[in-house]
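Residues per chain are reported as follows:
Protein chains: 2
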Amino acid sequence: MTAAAETTVREAGVGRAMMGEATGVEQLKATLEMAQAAFEEGRTAAPAKRADWLEAIAAGLEWDAAALVEIAARETHLGTPRLEGELKRTIFQLLLFAAEIRRGEHYDATIDHTDPAWGMGPRPDLRRYNVPLGVVGVFGASNFPFAFSVMGGDSASALAAGCAVVHKAHDAHRELAARTAETVTAALNAAGAPSGLFALVTGRQAGEALVEHPLVKAIGFTGSTAGGRALLDRVAARPEPIPFFGELGGINAVFVTRKAWSARRKEILTGYAGSFTLGMGQFCTKPGLLFVPAGETAETGAELANALADFTPAPLLSERLHGGYADAVRRLQETEGVDVLLEGDFAASPAPTVLHSTADAVRKDPDILRQEMFGPASLVVEYGDESELARLAELLEGQLTTTLQAEEDDDVAGLAARLADISGRLLWNGWPTGVTVSYAQHHGGPYPATTSATTSVGTAAIRRFLRPVAYQSFPASRLPEPLQDGNPWGVPQRVDGVWHRPTADGNRKGISEVTAGQEGQL
Amino acid sequence: MTAAAETTVREAGVGRAMMGEATGVEQLKATLEMAQAAFEEGRTAAPAKRADWLEAIAAGLEWDAAALVEIAARETHLGTPRLEGELKRTIFQLLLFAAEIRRGEHYDATIDHTDPAWGMGPRPDLRRYNVPLGVVGVFGASNFPFAFSVMGGDSASALAAGCAVVHKAHDAHRELAARTAETVTAALNAAGAPSGLFALVTGRQAGEALVEHPLVKAIGFTGSTAGGRALLDRVAARPEPIPFFGELGGINAVFVTRKAWSARRKEILTGYAGSFTLGMGQFCTKPGLLFVPAGETAETGAELANALADFTPAPLLSERLHGGYADAVRRLQETEGVDVLLEGDFAASPAPTVLHSTADAVRKDPDILRQEMFGPASLVVEYGDESELARLAELLEGQLTTTLQAEEDDDVAGLAARLADISGRLLWNGWPTGVTVSYAQHHGGPYPATTSATTSVGTAAIRRFLRPVAYQSFPASRLPEPLQDGNPWGVPQRVDGVWHRPTADGNRKGISEVTAGQEGQL
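Line by line, the protein sequences are chains A and B.
Numbered according to my numbering, the first sequence spans residues 58 to 579.
Numbered according to my numbering, the second sequence spans residues 58 to 579.
None of these hints come from the bench; they were simulated from the model.
Some hints could be false.
Heads up, the list lumps identical chains together, so a pair's fine if it works in one copy or across two of them.
As the list claims (entries may be wrong) - Quick list of in silico lysine to any residue cross-link-like pairs, SDA-like style, CA-CA up to 20 angstroms:
| id | residue 1 | residue 2 |
| --- | --- | --- |
| 1 | 316 | 445 |
| 2 | 316 | 439 |
| 3 | 145 | 381 |
| 4 | 316 | 535 |
| 5 | 86 | 418 |
| 6 | 145 | 491 |
Whenever a hint applies, use it, and build me the whole structure from the sequences.
This is the structure in structure tokens:
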């Protein structure tokens, strides 16, 4: 494809998206072929160069921040301060990933030299590192139009890994998607990245064709359980199966011990009210379930009403979500064993609702614990005996997070062990909304929270889009840089079982570490 | 379940397997429940303790080696020296995995301390490590009755990860499976491992029920593409999807450059003949395809006949495999564009067959390149122009290995890049049979070589059976050992982005490494 033709394809794509026009099947095919060509051109780039590309995207988003936030506020009804914070997080993520790949951690470079005395018989020279998968299809979410959308965690980690990305725009923020893609594409071009390394497509048909196309080697998805499962099943039916990294539904149960309840009831209910209504309850980590000791139902209702007295409702992300929210709340409210603790409404800007049930009721009908209400609603379940909590936890499906509100001397070891079984992140006396982007973050959890054992947030997300390749007895001059004894890129290498991390001056033999200051500047 | 009941369940299972009786659905259920209980009891064991269990299994297999090899030779027709070597490898693998988990690499322990100045906003204390998935179902292969069967790579890596294993015995070596399981169980019991941590089931019905049971959290499989795909599809249809680590078919193409052919034709053909007939060609890494320059067909045939003149055929692993082998060779032989270079036969102990085709023919019908013949047969394809090779490589499906036979100054960078796209291990002037167990090994490759981006051989195989869990703001006293600042188990920890590996004397601040000598003793 010529440069002029490429520009036409890209501009046609962005133009169509802005007009709300869906990507046709031929257009998708051309986009994927361009992405594949860009992947092949860019995949051997040194990590420092790829990091430059990520930093260029970050700078582009920073430069265009005012316009992006203005469009996002109009399309999503999320407040400007929240959107500014989300964009900051999105930019930070690109910079953190750039720093991570400059270090070269993601290569997992491993070198076994020839060893005639190896225990199972002579060992040949064998070296392994990670290479990018290829073109990745990314489906963004409506609730985080920056952080989990066009240039959110999935796109940023796939690009960091060395993949090309074709992003399926979410219908709930099409103009923002087109603008973001335009900014990203311009930044990548200016930085000299291969043309087509990132592209946007729109419409359901393009999305379905994306997961089925042979050039696509992995999918990143954030959205509903129903939508995610439908795509997962489509992926599973491909002649060549590919990984589907889906973040689907979740309830994010919170468990309050008797002692914590006695000591901090007001504080806990205030924190809970703030967390489940944050962003109008449209967080994948919203605490949708609170287990509290029985016996103070009226006081709890009054406390919640008090905590939410000054709450100003806003419209939900889309009409469709609003309808789904109202249906979900009404359905749960009408279930036997469930009543209303705090009456909300389903106005255009809905007032928060808190439902109420008991341990006895949910034991009879565990489905009460499995209903996601995507919006400002949550369920309080009263328990009698604290020792029941571990068994109640076993009634839950997989969760992104679970939270313990407990005192230092509470005996919750058994409960915590159960929570580790069913969730990806456990919090102690905190609230699950707010997901920091860092080295240790794990934003994932057993199905249906996600469809894999990976994270979609934090530096570990990069690993999803890599696969290992080993080289046996290759001449030194033909080895990829991360596997060379001379280590020209200065990446960590595990040599004959022992990790060596170069110092800043490239002294590999020093067996010391990259200094901590480098990423502290971010 | 009482200890006596457990013993009954276990002995009934082993006894039935020895009599060739299939495991019933109720028996499978009881076995899985025992495995789950054993998993829960054992999963928090310190790595040193779990390593003891692996070493106890290794010692048990060593102790019972003579009997195991005798049974294996009778059931598989594989020669005694080969089986002794395979058992040695299997024992070594257990010891290597024990050393690996003693080091604690597999926890991937990552600690982010509170950081009020973190770039996207204040960071809470967040710590992540890997925990075992739960009960793992393992399907062994017939062609490696030790290394890829009852206590082969999948079982050893799952146990090393902290999982419980329920192994579905291969019908082709039932007595060996039962004896191995008995030895393993006795060794685990003597070492004080939880009862039921390893169990054996038999029969197709138990195998199908195994992949569908909710207690099973991952599957390891080595076998045919058809069998693997059928199980994969069954797994994909589960309400809760689980990872399916399948190693399926493969061709293991070898590419000979003109210069290498001129310089080393005889040596190359001798190596090829030895490799494709090793173990009667029943290796998943058998070189099933050799690309050579056109023009010396008769000489090639004569050379191969010469190299195999002293070859003594043996029976294949099973009647069923023999039938499948004969069908596959005949089908390919009758394909247009394919003829016979070295005439073999389909006797009970079949003489090797080499088929022949050309670049033109395989371009017309790429399926010629995609027919696995599981037994002592291979296909030689003659090419005209060396520059065609990269495009010919693109006609191949995913491979476990690809091999270059080339000279130092050959220009094969483009071809090598293509081979890295389609295979998991690239060899230079070697032969793909023989897979060392080490840190850098990667025994995997794009579909249909495997169904994931993971390895089933080497220390990296352990990671397949783990998932991350993060702890946010947890009190120090309640953190799992690998995440404690005091690092009581002395595992590697990535702290605020920087890796720290304790020295042998537990000096964490030293930022130095475990000494290399420890595993050199294996």
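Now for the hints, and whether the structure bears them out:
no.: 1; hint: 316 with 445; verdict: within (15 angstroms within a copy, 74 angstroms between copies)
no.: 2; hint: 316 with 439; verdict: within (15 angstroms within a copy, 79 angstroms between copies)
no.: 3; hint: 145 with 381; verdict: neither (30 angstroms within a copy, 60 angstroms between copies)
no.: 4; hint: 316 with 535; verdict: between (64 angstroms within a copy, 17 angstroms between copies)
no.: 5; hint: 86 with 418; verdict: neither (52 angstroms within a copy, 29 angstroms between copies)
no.: 6; hint: 145 with 491; verdict: within (14 angstroms within a copy, 51 angstroms between copies)
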